[in-house]
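Enquirer: Listed below are the residues making up each chain.
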Amino acid sequence: MKIFVSCDAAALSVGANETAAAISAEAARRGVIIELERNGSRGLLWLEPLVEVEVAGTRFAYGPVQPENVGGLFEAGFTEGRQHPLSQGVTAEIPYLKRQQRLTFARVGITDPRKLSDYLEHDGYRGLKGALNLTPAEIVARVTASGLRGRGGAAFPAGIKWKTVLGTEAAQKYVVCNADEGDSGTFSDRMLMEGDPFVLIEGMTIAGLATGASRGYIYLRWEYPQAKVALEAAISAAYQANYLGENILGGGKRFDLEVRMGAGAYICGEETSLLESLEGKRGQVRFKPPLPAIEGLFGKPTVINNVITFASVPIILDRGAEFYQNFGMGRSRGTLPMQLAGNIKHGGLVEIAFGMTLRELLYEYGGGSLSGRPLRAVQVGGPLGAYLPESQFDTPLDYEAFTAIKGMLGHGGIVAFDDSVDMAAQARYAMEFCAIESCGKCTPCRIGSTRGVEVIDRLIAGENPTKQETILRDLCETLTYGSLCALGGLTPYPVLSALNHFAEDFVKPMRANTPVPS
Amino acid sequence: MSSKSPRRIIPIKPEPASSLSAADQSAVLEACRRLKELPGALLPILHAVQEALGFVPKDSIPVIAKQLNLSVADVHGVVSFYHYFRQERPGRHVVHLCRAEACQALGAHALEAHAKEYLKIDFHGTTADGAISLEPVYCLGNCALGPSLMIDEDLKGRVTPQRFDALMNQVRVRS
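Protein chains in written order, with my numbering: chain H, 1 to 518; chain R, 1 to 175.
Isolated chain H (complex conformation):
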């Protein structure tokens, strides 16, 4: 019988390897023959290490399983799917998973990410095969019709970007994947690259066919060593089976792909800075125009998209633009893999169509705070996203709805804080982070962030607070309108949302009584 233990980095971080070793040892001791498979993570991260047993084609889940639980599981007959205090029932029936709409993450947690055969058995490479029978313009038209927007955070329509690259003549074009997932609270790129690397490779290959680009790079952050191993193994398998290389599936098209490592610079998630870094330079932001689609990597037309954007393309080509387009609301079409993080009981990955409210996600999926205290603030969209108070929890998860409340959905990361949070400290941290990570090219961001930390310090210390607040708001306006890119431009979001919604935390006498009541 098959037993599955995830090899995702998050699962490993709480002992999945030790659990897997204990299962092997206990099975050997009892003379039970098992096949131990290492899958990606199902995304039910509070249950990791999650162990699944396949009985007659159905998977039963147990978790979180520590090595000391393994003996008891065998004793209880978990190899036949029997009950145990750690039983979670049939995996696919767990409400957290059952209510999701997994399109991009369809295979993650189900297949062995190292096996191309597993990928092919689960509808893999059907999108590419379809694309090989289409003209580049037809592929671009389908991606455009699907309504897919860039999942990295800026939500720019992918089809329009691709069309620009297709329409720009050049001897060499590039496809670049932005896998520099630096936003705190986000891990969907990592989970996908570790759990289903082939879908990213397939999506990038399709982008190459669609735009006439023959070379691709995945720019991966160094903090993800497991993802590097998974991607390099998958790329090598794809080359061997002719899914990459000089003659893809005998169709006469070439696409080469390699992984390049970043070196710990948040700014390199900004596309032009990423391109500079790939060229071997300091990751400083470029002026736009020219757009990367016209003059990108090494000055050549370049498609640059996030991991999830590329990984959403195969299913669009396989099932059709209309299928994908039918999910979502307004101008936000398809699904977004949301990531529940921070002080949340049931943290993990929730891929759902746009339109659910933040409250539903936080309580119905997330189960409220991990600490059991009331949730006080939620930061959506990474370190440049706004801190939302409880009164804004009914905002639907939709790009435009978040823009309307001066926030952003970004890459879909949600970080929950309970009522022990000090929002003045969070505002200060947002400025400090900008100062640490600023590339230094434009003055508002480089100097403004440092001055911002100083002003917040004086404000918190109660030195003429009215004046400090005026200065801070003025500085934020300069950052918003004067910065070259989103780092300086959006740092005012977390700062001002904290100040506007949680003003009491900035007042000196109040700060003595922590935790602050909501």
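Just so you know, these hints were derived from the structure itself, not from any lab.
Any given hint could turn out to be false.
Taking CB as the label site, the calculated pair distances span [stated by the list, open to error]:
(1) R:Asp122 - H:Arg254: 50 to 60 Å
(2) R:Ala166 - H:Gln83: 27 to 37 Å
(3) H:Lys2 - R:Leu38: 37 to 47 Å
In the DSSO-like style, the derived pairs of lysine-lysine whose C-alpha atoms are separated by at most 30 Å in a straight line are [said to hold, decoys possible]:
(4) H:Lys115 - H:Lys98
(5) H:Lys300 - R:Lys36
(6) R:Lys58 - R:Lys116
(7) H:Lys228 - H:Lys129
(8) H:Lys228 - R:Lys36
(9) R:Lys116 - R:Lys36
(10) H:Lys253 - H:Lys163
(11) H:Lys441 - R:Lys120
(12) R:Lys58 - R:Lys36
(13) R:Lys120 - H:Lys300
(14) H:Lys129 - H:Lys163
(15) H:Lys98 - H:Lys345
(16) H:Lys228 - H:Lys253
(17) H:Lys467 - H:Lys406
(18) H:Lys115 - H:Lys129
(19) H:Lys508 - R:Lys116
(20) H:Lys2 - H:Lys98
(21) R:Lys116 - H:Lys281
(22) H:Lys115 - H:Lys288
(23) H:Lys441 - R:Lys36
(24) H:Lys163 - H:Lys345
(25) H:Lys2 - H:Lys163
(26) R:Lys66 - H:Lys281
(27) H:Lys228 - H:Lys300
(28) H:Lys281 - R:Lys36
(29) R:Lys36 - R:Lys66
(30) R:Lys120 - H:Lys228
(31) R:Lys116 - H:Lys345
(32) H:Lys281 - H:Lys115
(33) H:Lys253 - R:Lys36
(34) H:Lys300 - H:Lys253
(35) H:Lys129 - H:Lys253
(36) H:Lys467 - H:Lys441
(37) H:Lys508 - H:Lys467
(38) H:Lys300 - H:Lys281
(39) R:Lys116 - H:Lys115
From the three backbone atoms N, C-alpha and C, an ideal C-beta is built for every residue, glycine too.
Knowing the structure of chain H, use the given hints to seat chain R on it.
Expert: Same frame as chain H, but now just chain R:
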């Protein structure tokens, strides 16, 4: 690269002065030899040097610059831009402690204070026994299971102060 000549080769006569040991010098030259023809070769070379030596020694910069026909300032500018590249020799193990928001929501501040006190070092420091260097990091992608840290390339989640001490003791035994 373009069809135009990618690099103009200006021969530099003197070998850069270097106090690198012979072994370190050859590791740096080997990394350059293996990778310098890649488009955008500098970052892959710096990664290879740091992987081989644990850091990018100051004296390796003129060597790399000469191999790539770049100025020393260009290479220094890149090395110093990226947080990951270090110019000081690290301890036998490097611990990257996450300081980002999701971990803050679960007590990263307290863990940071505890770690510094337990190891008796600040960020970027190395313990007196040379076993552990402590570095800050801004997100390890383990945001649902924080607070997190990474020991060399091993990610650890739900790190309480007690678990931190246990992990550090394991590391010391290993080294």
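Enquirer: Of the numbered hints stated previously, which ones are contradicted by the structure, given in increasing order?
Expert: 9, 11, 13, 21, 22, 24, 25, 30, 32, 39
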